[in-house]
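Protein chains: 4
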Amino acid sequence: MDDSLLSGPENEADSFRDECGVFGILGRDDAAPVVTLGLHALQHRGQEAAGIVSFDGTQFSVERHIGLIGDTFTKRSVLDRLPGDRAIGHTRYSTTGGEGLRNVQPLFAEFAGGGFAIAHNGNITNALTKQRELQKRGAIFSSTSDTETILHLIAFSEKTRIVERFIDAIGQLEGAYSLVGLSQKKMIGARDPLGIRPLCLGDLDGAYILASETCALDIIGARFVRDIKPGEVVVITENGIESHFPFEKPSPRFCIFEYVYFARPDSNIESRNVYEVRKNIGMELARENPVDADLVVPVPDSGTPAAIGFAEGSGIPFELGIIRNHYVGRTFIQPTASIRHMGVKLKHNANRHMIEGKRVVLVDDSIVRGTTSQKIVQMMREAGAKEVHMRIASPPTMSPCFYGVDTPEKSKLLASRMSIQEMADFIRVDSLGFLTIDGLYRAVREPGRNNEAPQFCDACFTGDYPTVLTDQGGKDNVRSLSLLANNG
Amino acid sequence: MDDSLLSGPENEADSFRDECGVFGILGRDDAAPVVTLGLHALQHRGQEAAGIVSFDGTQFSVERHIGLIGDTFTKRSVLDRLPGDRAIGHTRYSTTGGEGLRNVQPLFAEFAGGGFAIAHNGNITNALTKQRELQKRGAIFSSTSDTETILHLIAFSEKTRIVERFIDAIGQLEGAYSLVGLSQKKMIGARDPLGIRPLCLGDLDGAYILASETCALDIIGARFVRDIKPGEVVVITENGIESHFPFEKPSPRFCIFEYVYFARPDSNIESRNVYEVRKNIGMELARENPVDADLVVPVPDSGTPAAIGFAEGSGIPFELGIIRNHYVGRTFIQPTASIRHMGVKLKHNANRHMIEGKRVVLVDDSIVRGTTSQKIVQMMREAGAKEVHMRIASPPTMSPCFYGVDTPEKSKLLASRMSIQEMADFIRVDSLGFLTIDGLYRAVREPGRNNEAPQFCDACFTGDYPTVLTDQGGKDNVRSLSLLANNG
Amino acid sequence: MDDSLLSGPENEADSFRDECGVFGILGRDDAAPVVTLGLHALQHRGQEAAGIVSFDGTQFSVERHIGLIGDTFTKRSVLDRLPGDRAIGHTRYSTTGGEGLRNVQPLFAEFAGGGFAIAHNGNITNALTKQRELQKRGAIFSSTSDTETILHLIAFSEKTRIVERFIDAIGQLEGAYSLVGLSQKKMIGARDPLGIRPLCLGDLDGAYILASETCALDIIGARFVRDIKPGEVVVITENGIESHFPFEKPSPRFCIFEYVYFARPDSNIESRNVYEVRKNIGMELARENPVDADLVVPVPDSGTPAAIGFAEGSGIPFELGIIRNHYVGRTFIQPTASIRHMGVKLKHNANRHMIEGKRVVLVDDSIVRGTTSQKIVQMMREAGAKEVHMRIASPPTMSPCFYGVDTPEKSKLLASRMSIQEMADFIRVDSLGFLTIDGLYRAVREPGRNNEAPQFCDACFTGDYPTVLTDQGGKDNVRSLSLLANNG
Amino acid sequence: MDDSLLSGPENEADSFRDECGVFGILGRDDAAPVVTLGLHALQHRGQEAAGIVSFDGTQFSVERHIGLIGDTFTKRSVLDRLPGDRAIGHTRYSTTGGEGLRNVQPLFAEFAGGGFAIAHNGNITNALTKQRELQKRGAIFSSTSDTETILHLIAFSEKTRIVERFIDAIGQLEGAYSLVGLSQKKMIGARDPLGIRPLCLGDLDGAYILASETCALDIIGARFVRDIKPGEVVVITENGIESHFPFEKPSPRFCIFEYVYFARPDSNIESRNVYEVRKNIGMELARENPVDADLVVPVPDSGTPAAIGFAEGSGIPFELGIIRNHYVGRTFIQPTASIRHMGVKLKHNANRHMIEGKRVVLVDDSIVRGTTSQKIVQMMREAGAKEVHMRIASPPTMSPCFYGVDTPEKSKLLASRMSIQEMADFIRVDSLGFLTIDGLYRAVREPGRNNEAPQFCDACFTGDYPTVLTDQGGKDNVRSLSLLANNG
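The listed protein sequences derive, respectively, from chains A, B, C and D. Heads up: the first sequence begins at 1 in UniProt numbering, then just goes up one per residue. Heads up: the second sequence begins at 1 in UniProt numbering, then just goes up one per residue. Heads up: the third sequence begins at 1 in UniProt numbering, then just goes up one per residue. Heads up: the fourth sequence begins at 1 in UniProt numbering, then just goes up one per residue.
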């Protein structure tokens with residue numbers, strides 16, 4: 001599903017775009033450099049821009065930059081402008097619409113009671129509705145981010161203390177959010193009541209850490225303490241950590257697609273190892289969709305763990321039949337029209353020597369628009385494959401996500417308008433198999449999907465949205481719109 | 001052997017640095033854009049800088065840039081300055097010593113008889129000696145590149161026609177070279193008599209191509225015609241190709257390390273597929289150095305094919321126990337001293353969940369200084385591995401290369417000063433095994449090394465240099481010097 | 001008073017820093033390019049950053065850049081992002097405190113009733129007080145600019161139509177402001193009731209223009225219509241212009257220092273030509289402070305018109321005895337400490353040949369800290385001047401400005417702590433003479449200062465502030481603080 | 001003659017472009033920073049690019065940058081790469097033809113006997129002829145600069161010691177040159193036998209300096225010692241200075257146009273002060289071309305000293321009737337075609353208030369193509385001038401320069417194809433007057449031009465070239481070619 005597989009960036013996206021990553025630390029002298037490393041480990045959750053806000057006991061410092069963490073936040077001059085023993089950071093997928101740095105988080109505001117910074121992973125599904133209410137009351141928005149809506153709700157709260165104001169504000173939110181906030185005295189972490197996005201707690205020699213994934217703890221050798229619970233608000237000061245559950249607790253519905261694609265394989269979420277889940281998926285897939293073939297080839301790199309599982313489950317040898325060129329920057333432009341039409345293999349190349357005359361099983365994580373799958377199947381055929389079978393490590397993706405993932409509108413999702421056989425014809429494979437929804441639940445060690453009370457958010461596969469979608473006119477009215485406005 | 005494995009670039013290099021890549025095309029209207037793509041596919045042979053020279057029937061155009069091809073040569077403005085139906089290009093590892101663009105190839109000179117450009121992969125072992133002779137005759141050098149020595153030899157030749165002058169010049173060279181030259185009428189390709197570096201011929205709808213590796217043909221859908229032979233000079237014009245063998249032909253001695261590490265897995269060189277050789281290596285290694293263990297873990301990414309072979313040969317499961325962060329730019333600086341001492345895992349992370357309590361076989365391609373291996377073993381131990389066994393997909397590297405590879409001086413090569421057991425203690429593994437030199441020859445489908453007349457250049461393993469090393473005072477006098485001056 | 005006269009930018013400022021410039025146009029297809037030219041002509045009012053907001057009938061576009069207009073806004077790509085037949089722009093002196101682009105104007109907000117952009121020249125002396133009130137009501141400030149306070153006052157207004165809301169907001173302001181606003185339908189211009197900062201109305205083939213100075217009309221060949229009057233609000237639409245005087249009208253008090261230094265010599269303000277006023281000043285100065293000397297030398301470039309007037313008035317020849325190096329960028333850093341101590345003449349050089357053995361009258365516009373004057377006198381002495389007399393084209397500057405000019409705090413103003421004789425000793429001149437306040441009024445063709453009802457704001461000379469200074473605790477309580485926070 | 005007067009850089013040049021400046025110092029620890037300052041003072045001789053070569057007792061360091069000295073060479077990182085107690089530098093007008101940094105001086109070569117750097121102001125009129133000879137002998141040229149020809153002549157010299165080789169080389173040159181060379185032990189200065197370009201010797205606390213103009217001594221407080229004489233070669237070591245006159249001495253012919261336009265007003269050359277000469281010119285011009293008028297207005301900035309002299313000589317008041325916008329970067333692009341056709345006044349504006357109804361004498365330094373004069377006269381008329389008279393501070397420029405000045409080809413010079421009356425009609429003035437050639441000689445304190453043995457090079461006015469022009473086919477064969485290839 002890696003959409004830039006064979007093509008330059010001028011093409012329409014053919015993947016679910018990663019969401020955002022958040023990271024915060026309190027109680028360590030060089031807080032901002034540590035946040036930089038944490039964000040670096042979360043770079044797969046958002047590659048386009050990042051920001052850090054620190055507090056040094058006297059004042060808040062803000063830096064926001066477009067580009068990879070390793071290129072922007074590792075300069076001494078940048079870090080020197082971020083003093084303090086507490087800091088929070090955010091990395092995001094994109095800066096849409098010429099907005100430049102305005103939408104880069106964390107956002108910061110000077111309230112009457114002092115400064116406050118906030119970083120957000122997720123998407124608020126009633127943000128526009130709330131924004132219109134706030135504007136009528138005199139609020140001025142300087143970004144198009146739903147995170148600014150949260151800030152304004154805090155600003156307009158009639159409560160007194162910052163934690164109360166924060167809880168008052170998030171109590172008005174609907175949708176998915178994992179938040180990290182920073183005031184002069186406190187670092188706050190919060191997850192929405194369904195716990196759709198991840199957030200975990202770590203410890204680095206006594207300093208508290210909040211991070212989207214455990215891999216961001218590993219990079220600095222921090223200890224994993226526990227996941228923040230759905231609906232939980234934790235308030236961290238120099239003196240320790242308090243836990244609040246201000247809202248009634250619904251059943252958790254963590255995003256199951258985090259296991260399929262978004263999270264890093266070495267992260268553990270809710271006591272499950274992501275790599276292991278993906279291998280389980282491959283084994284389930286081999287069981288549900290067996291095929292007689294000569295080799296199992298992963299579509300690099302996201303299909304690799306499932307392909308290893310598939311090979312193990314099926315007994316068919318695992319081979320790197322597609323070689324990836326790691327040097328493709330995100331800016332590679334195919335220089336001329338004549339070259340664009342050559343079908344240039346910028347990013348991957350079939351290893352013809354291994355493929356020629358063979359029956360090949362390709363394993364990929366998902367199919368979005370199908371254009372990438374078409375090209376890769378074509379590449380296999382040109383390399384001489386005798387048969388090409390495609391196995392997909394998830395059920396068909398039929399519905400857009402409103403919870404912080406950038407997905408094409410429904411009508412652009414291949415599975416929303418074709419049967420599996422039509423899809424197989426479209427991408428020109430000899431056979432095509434998807435994992436079932438129950439197979440996916442089994443891969444995460446559930447007996448299957450509990451349709452009465454689903455254990456996860458799986459709306460992209462089932463269309464079963466766990467919240468009202470106010471800005472969309474309610475969940476029965478999901479429009480077929482591009483969701484580029486999603487952010488988080 | 002990927003030296004930036006766990007560390008930032010401030011550390012000493014702990015790898016054999018890739019050499020250069022060359023690419024040329026004659027007979028295609030958009031020659032420079034095609035060269036750009038070819039160089040992009042050869043980026044693994046040199047990532048720091050690149051250049052292209054084109055000729056449009058009237059004049060030569062030259063562009064040289066520091067940075068990745070995809071960032072520098074894909075701009076329309078750059079390509080618009082490179083018109084013509086013929087062009088040659090070069091990608092190189094580094095621009096040492098503040099020399100900036102002066103050493104970036106292709107080099108170009110205006111001779112009395114017209115312009116000439118040249119791109120070089122290899123290293124001339126009597127270049128300094130020749131340079132001193134030329135300076136005494138009045139030559140002015142504007143770079144420190146051995147390639148400029150070749151240009152001056154052509155300029156001072158007393159022959160008349162450019163091909164004769166070219167042959168006159170290379171007849172004075174000693175060492176390794178694969179050259180691509182461009183005059184107003186001709187594109188010239190040449191390989192040294194031992195054929196140490198690769199060079200192949202391709203065809204794109206009637207346009208001739210010269211390229212370091214076949215993967216550069218694949219990216220543009222060009223047809224592989226044949227390898228240029230050791231000692232061969234090919235002269236290509238609009239009317240066709242001529243082949244010359246101006247020198248007596250010694251037995252070929254292709255660089256066997258190209259198979260181990262340098263070449264891309266999907267390339268075929270001298271009728272062998274690189275990926276397949278590496279898998280063979282893994283199987284030989286499992287046969288020669290068996291071990292009782294729970295899982296085989298590749299050191300990503302260069303150890304992966306051998307690890308797959310090792311797993312297949314040993315029956316031990318293959319697992320991605322180390323996860324790579326693809327977002328590490330080459331510029332990542334660890335921001336503070338305190339963080340530098342944390343042992344930050346910038347580039348790789350152990351997947352603790354898979355490693356804990358297990359007996360692990362790590363497979364890597366080679367050991368140079370050993371510092372990287374130390375760190376990765378340590379990372380495995382911190383992740384809870386019960387035993388750590390290291391298997392290396394080549395014999396111990398004991399001698400520096402003088403043929404176009406940037407290697408540390410001999411005294412810095414761990415294997416030159418330690419026994420295998422001492423090395424095992426140094427990197428703190430439970431067992432350490434290298435491939436034998438005969439095992440390596442078997443992996444390339446030879447019955448073994450013919451010590452009377454070795455089939456390959458394997459000097460880095462054996463110290464058996466196939467040429468005189470004039471600039472070093474002869475091959476019996478190899479000094480323990482840093483070879484940073486090597487280029488090509 | 002040009003503070004970078006002989007020194008690099010690392011030194012403390014020794015000048016009154018220029019304020020801001022504003023420009024707007026409605027009714028011309030390529031509005032943004034015209035604004036670019038207008039801002040270019042106003043560059044002397046603010047060199048560090050600029051912004052433009054345009055409206056194309058559907059949406060507002062915003063561009064803000066740090067750097068000179070000619071370098072940042074002349075790129076086609078920037079202008080292409082600013083479509084529309086109406087646009088307003090702003091150029092400003094500096095972006096203090098690492099705030100980067102956040103404080104660059106025009107500021108833009110999306111109100112409940114539609115978008116609104118505003119550009120401001122001046123300074124609101126109760127902005128902080130208002131900001132605190134607004135924050136208590138829930139307003140979030142994203143800049144430290146007083147202009148944002150104006151936006152929030154508009155947002156919180158309980159009036160309905162944008163013009164009413166605008167008037168409601170500015171009715172709460174105290175201080176100096178010349179404002180240009182842009183809504184979907186209207187361009188609004190406003191000057192504070194005292195008319196401290198300039199603003200004029202122009203016409204370009206039927207398109208309306210608002211500009212800080214007439215030189216911004218000249219650059220595009222626009223016709224000067226009239227000055228906007230103190231306390232006037234003009235509302236411009238496609239259908240014409242309306243004028244409002246919503247507040248009681250006090251006597252105008254235009255900033256007299258605009259004539260002395262800020263405005264461009266070719267501008268006309270309130271029916272006076274700036275160059276002519278400066279020549280008049282020089283003649284008054286010669287009359288009030290005669291001296292027997294051989295030549296009159298201007299301190300380039302700001303002292304030149306007064307020096308011409310002084311020469312004309314005194315009959316002493318005018319000579320360019322100091323030569324300016326026009327190539328000093330604002331970034332020139334003196335590279336080493338040893339060089340910094342050499343007293344390097346980066347920007348000006350005495351023409352020794354003309355100076356040696358002569359009695360020289362230097363004419364400068366003002367003395368702020370005196371350090372620049374010291375250096376230039378020293379330069380004259382080293383060039384062999386027999387006598388050095390300094391004549392200043394304004395009265396002593398004794399009080400800081402709170403109306404949009406960046407001045408040092410009172411205690412840093414040389415004239416606030418020394419008598420004229422002490423100042424003469426400090427800068428080491430043979431004689432020093434300032435213009436009297438009445439002489440200055442005569443130069444603008446008034447009979448003298450009407451102390452009962454002064455015709456101008458001359459607070460920097462007299463300490464007589466024409467408004468309450470609420471943020472300073474009232475005008476009787478002017479603190480000796482740096483006023484870096486001033487902006488506008 | 002300031003060609004960008006009213007127009008953007010897209011127009012054809014309408015001025016004689018400044019030549020190059022050179023500067024060297026030996027015997028001062030921070031040599032490179034001092035050279036930086038010297039080049040900054042010479043920036044008017046070449047604004048596009050600069051270079052410095054230093055030697056620290058062990059090795060030479062080279063830095064070349066495009067841009068203003070103050071932006072490129074003041075960075076600590078740049079200067080830190082230029083250690084040593086001796087250094088030479090060069091600033092140049094332009095980098096024509098995409099050559100980028102290749103043509104930026106000083107050039108450096110590693111000879112058999114050691115390194116040598118050279119910086120050149122002037123132009124060698126047999127450089128191409130010599131280049132062809134050298135190429136036939138095997139020389140490879142890496143730039144198109146005539147300076148490289150000098151380097152090759154040194155390299156091919158059969159003499160032994162560097163000074164002998166240097167003299168051997170320059171003995172083969174024809175044309176104009178002021179050279180500064182640097183070897184490991186010596187700094188060499190040389191002027192061509194006619195002394196066409198300036199070069200002077202200075203002293204800074206015992207360190208020797210060579211510089212194009214005395215203003216480069218003033219900036220660092222160095223003492224002027226003497227001009228280097230025509231045909232002189234000085235060799236400077238730590239032990240002192242030797243003077244050589246290796247060639248027969250013709251009569252000196254210094255470029256008289258240096259006084260008119262190129263040199264800085266505060267420089268003294270051959271015992272004449274440039275500002276004073278320009279004032280003399282103005283007075284001669286008033287005497288030769290009297291006119292009845294109300295005010296004398298300089299075309300800023302190059303016409304100002306002559307205008308002061310004209311005003312003094314004629315008794316007509318001097319006024320700044322044209323105001324210059326100092327913020328025009330060299331990159332200002334007029335953003336749209338419609339704006340380009342508005343006749344936008346980017347750089348200058350008439351001060352209508354002073355001009356309206358007046359009889360104006362404009363004073364400019366020269367007329368090249370006449371297009372700029374046309375525009376400025378038009379601007380005066382639009383500002384309401386009753387009469388416009390133009391007085392030019394030099395004779396008509398009728399012939400191109402081959403000695404280091406970038407001039408249009410002969411056919412583009414207005415004076416080469418029109419009478420004075422035709423020129424007056426072309427630029428639409430009421431009267432036009434040029435200085436006579438004898439008037440110009442009187443302004444430099446000669447009784448007049450000695451036509452038998454002219455005291456100066458005045459070829460641009462007279463067509464009387466003082467050297468053979470070999471590359472042009474001899475001086476009787478001056479082709480009407482663009483001389484963009486000139487450099488120096």
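Hints are computed from structural coordinates only; laboratory data are not their basis. A quick note: this is a predicted structure, and the numbers were derived from the prediction, not measured. Fair warning: there could be bad hints in the mix.
Lysine-lysine pairs mimicking DSSO-like chemistry, simulated, CA-CA at most 30 Å apart [what the hints assert, rightly or not]: (1) K75(A) <-> K386(B); (2) K358(D) <-> K375(D); (3) K75(B) <-> K75(A); (4) K159(C) <-> K75(A); (5) K358(D) <-> K186(B); (6) K410(D) <-> K386(D); (7) K229(D) <-> K75(B); (8) K159(B) <-> K185(D); (9) K386(C) <-> K375(C); (10) K249(D) <-> K185(B); (11) K75(B) <-> K375(A); (12) K159(C) <-> K159(A); (13) K136(D) <-> K136(B); (14) K410(A) <-> K386(A); (15) K159(D) <-> K185(D); (16) K136(A) <-> K186(C); (17) K375(D) <-> K75(A); (18) K75(C) <-> K75(B); (19) K375(C) <-> K136(A); (20) K136(D) <-> K75(C).
Results for each hint:
A hinted pair counts as satisfied when its Cα atoms are at most 30 Å apart, and K75(A) with K386(B) does not qualify at roughly 39 Å. Restraint check: the Cα-Cα separation between K358(D) and K375(D) comes to about 18 Å, which is no more than 30 Å; the hinted pair holds. Proposed proximity of K75(B) and K75(A) is supported: the alpha carbons are some 27 Å apart, at most 30 Å. About 49 Å separates the Cα atoms of K159(C) and K75(A), which puts this hinted pair outside 30 Å; it is violated.
Note on K358(D) and K186(B): the hinted pairing is violated, with a Cα-Cα distance of about 70 Å set against a maximum of 30 Å. Restraint check for K410(D) and K386(D): not satisfied, since their Cα atoms lie roughly 34 Å apart, outside the 30 Å limit. Using a Cα cut-off of 30 Å, the hinted pair K229(D) and K75(B) is violated, with the two alpha carbons roughly 51 Å apart. For the suggested pair K159(B) and K185(D), the alpha carbons sit about 39 Å apart, so the restraint of at most 30 Å is broken.
Taken as a hint, the K386(C) and K375(C) pair is honoured in the structure, with Cα atoms around 17 Å apart against an allowance of 30 Å. A distance of roughly 49 Å separates the Cα atoms of K249(D) and K185(B); the hinted pair therefore is violated under the 30 Å criterion. For the hint pairing K75(B) with K375(A), the CA-to-CA distance comes to about 25 Å; that is within 30 Å, so the pair holds. Proximity of K159(C) to K159(A) is assessed by CA-CA distance (about 28 Å); at most 30 Å being required, the pair is judged to hold.
Using a Cα cut-off of 30 Å, the hinted pair K136(D) and K136(B) holds, with the two alpha carbons roughly 17 Å apart. Our distance criterion of 30 Å between C-alpha atoms is broken by K410(A) and K386(A), whose separation comes to about 34 Å. A distance of roughly 17 Å separates the Cα atoms of K159(D) and K185(D); the hinted pair therefore holds under the 30 Å criterion. For the given pair, K136(A) sits about 21 Å from K186(C) by alpha-carbon distance, which is consistent with the 30 Å threshold.
For the hint pairing K375(D) with K75(A), the CA-to-CA distance comes to about 50 Å; that exceeds 30 Å, so the pair is violated. Between K75(C) and K75(B), the direct Cα distance comes to roughly 18 Å. Compliance with the 30 Å bound is thereby established for this hinted pair. As the CA atoms of K375(C) and K136(A) are separated by approximately 58 Å, the hinted pair breaks the 30 Å bound. The hinted pair formed by K136(D) and K75(C) fails the criterion: a straight-line CA distance of about 47 Å is larger than 30 Å.
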